[in-house]
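Engineer: Line by line, the protein sequences give chains A and B. Oh and the first sequence: position 29 is 29 in this note's numbering, straight run, nothing missing. So this note's numbering is basically just the index in the second sequence, starting at one, shifted up by 1000.
Everything hinted at is true.
Below, simulated BS3-like cross-link-like pairs (lysine-lysine); rule was C-alpha separation at most 30 Å, straight line:
id, chain 1, residue 1, chain 2, residue 2
1, B, K1068, A, K80
2, A, K80, B, K1101
3, B, K1110, B, K1210
4, B, K1110, A, K80
5, B, K1074, A, K80
Simulated from the structure, these hints should not be mistaken for laboratory data.
One-letter residues, chain by chain:
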Amino acid sequence: MSAAPGTALAASCASCHDCGLLSRLPVAGAHGVRCPRCGAGLHGRKARSLERTWALVIAAALCYVPANLLPVMTVTSLGKRESDTIMSGVVYFLTHGMWPLAVVVFTASIFVPLLKLVSLVVLLISVQRSSSWRPVERTRLYRITEMIGRWSMVDIYAITILVALVRLGNLATIEAGTGAVFFGAVVVSTMLAAESFDPRLIWDRSDARSP
Amino acid sequence: MTERGPRPGELEGVAEAVVETRGRPSIIWLIPLVAALVGGFVAWRAFSERGPEITISFETAEGLEAGKTQIKYKDVEVGIVEEVVLAPDLSGVLCRARMVKGSEAYLTEKTQFWVVKPRIAGGQVTGLGTLLSGSYIGLDPAREGKRTRRFKGLDVAPIVTAGDPGRHYVLRSDRAGALDVGSPVYFRRIAVGQVVSSELDPADDFVTTKIFVRAPYDQRVHADSRFWNASGIDVSVGADGVKVDTQSVASILIGGIAFDTPSEGTTEVAAADAVFPLYENREAAERRHYTRTVPYLLHFDQSVRGLHPGAPVEFRGIPVGEVTDVRLEFDAARAAKERFRISVMIEIEPERFTTLHPDETTRRQGLELLVASGLRAQLKSGNLLTGQLIVALDMHQDAKPAQVVWSGPVAELPTIPTPIEEITASLTHLAERLGRLPVEQIGNELRGSLQALRITLEKSEGVAPALQATLEQADRALASTNALIGPDSDVNSELRRALLELSDAARALGLAAEQIQTQPNSLIFGKEGNQ
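So here's chain A without its partners, still in its complex pose (with noise of 0.2 Å):
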């Protein structure tokens, strides 16, 4: 495998992930390459980030279907218990006319989690058979990926307020489910798959393959 030309790699260089110096790496080995200002571990690319991501994504698709099935939230009401799946929460703000309601929960607890999962698993697999196709496009796809994903930690916060505000015993107790711990692996194992996986990839593949 040749790095692209014009490349830190391609010059035997690599730059500081820390401090941004670009230092040339040592011939011999690149274990225990260190930056020579800040002492950061130096390397031409992340170490093994298409494992360390494939992990992370499967881990988050294997987390994504309990914590859609799974209750995230019980609110007991004067005796009444009522669980509810992320999706009946959708639906019961619907139904209720509450629709922009609708439209946040929607967008931020089941589009963006898949919408990342996919993104994910479309750059992983692209990365991997070495493809050229649209790369700019698809380092914007990263970028979104790695700016959004954030958001879907909105329904966690929200539960983890309510469950501590309403605890007024036999008038209004609300639990978190089981499914708000699967919901919380999702986006935590998604953000941290998208933090290993290197853009970079994309453009070693494709200026390779480029004339």
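Once you've looked at the hints, dock chain B against the given chain A.
Structural biologist: Same frame as chain A, but now just chain B:
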């Protein structure tokens, strides 16, 4: 996969070292592994904890909500309604519910389901909590019986659930009275149980009332306990007057059953589901304490208006039995005058007598002896106000000789006419004697006396003017007397003075008497002061 390409300036033709790119798998794979394990565990648990699915049919789906309504036993959730659909024949609703694991053991055909709603019955209010929390399905588990998955929901909550300690009993009566499910059962006016159901026995025309007596009061139900209907106010107008009996205000409104256990009877506690007769009222229940009855037949030729089954049979005023039946007999074979006879069936309770006949033969002999010496039955007025009749047994020495008729299935006792007939007879007798009185002679003597009286009066007419003059003279005498002793007369003032002197004299006499009492010698020696 390596991230280093071949370096510029390296020798061509040198074999490139094989770089192990897929060595030991990264520790990161633990994350999906853990996710898979946890997810799998949750899925397995959810699946393994799925209990049986049951179907309950209800009249209406009032208060039932799919996914929300719970099934509770002792306020513990044991299931949840998953679906509520109309029955295919539109006769009701079918409620599909998922029970918790382990509930198979008590899902038998005897298990009961009902929708818990606020309810006022049997003098108590239940299910108030469901006003706020919404209804739920109550469950009364029963372990015995065939296991099933289809149930018929009850319309109302059962009064007694399987967990309540106590016993059920079955009461039989010929009518239900004012009894409702939930009506209280009283023992010495303490509510100790409730009526569970009241329905017509399909086998016969009796009403079967199931009651439940709570522990420890079920120990008070013995084999010889008497149950009676204590519904409402029991007003009975019998031969002994008006009687009012009631257990409590609640039983006036919602009915009730009372029972009592004779203190001298058996101590054997009645078994569960024992059958007892339910008497109409307390009196009937107490009357039945005499278990042995001997029937007798009486024939009357006169009107028995006012004689009803239940009327007492008395011997010299002491009740010894009761009338069980009164019916009219028509016998074409008899003489025209005697074709209609009224046969009255009575029951004598021999246990009411202190001496019992030891066996049948002596009873016969004893009875024949009694009849021969004048034992007769007759109708008597028990209550003049209500016109009730009773059958009175007594010894009538002067009665016409009669025999006990043993030919029929029931021994027939001889009867004699009622006292009313006797009174009529004696009245006739009296009239006859009155007719024999010498009325004319009495009249003649009376007339003579009256004539003599008139002559005397005529003679006295001449005396009247003389009497007038005498009266006038008396008047005058009184007027002059008045003038003599009037307030202004001399006689009056003289009299007053005389009286004053008399009182002075009396005082002096009093002093003298005192003097004599204290100094008796002063009578002889005079006053001491004068010495």
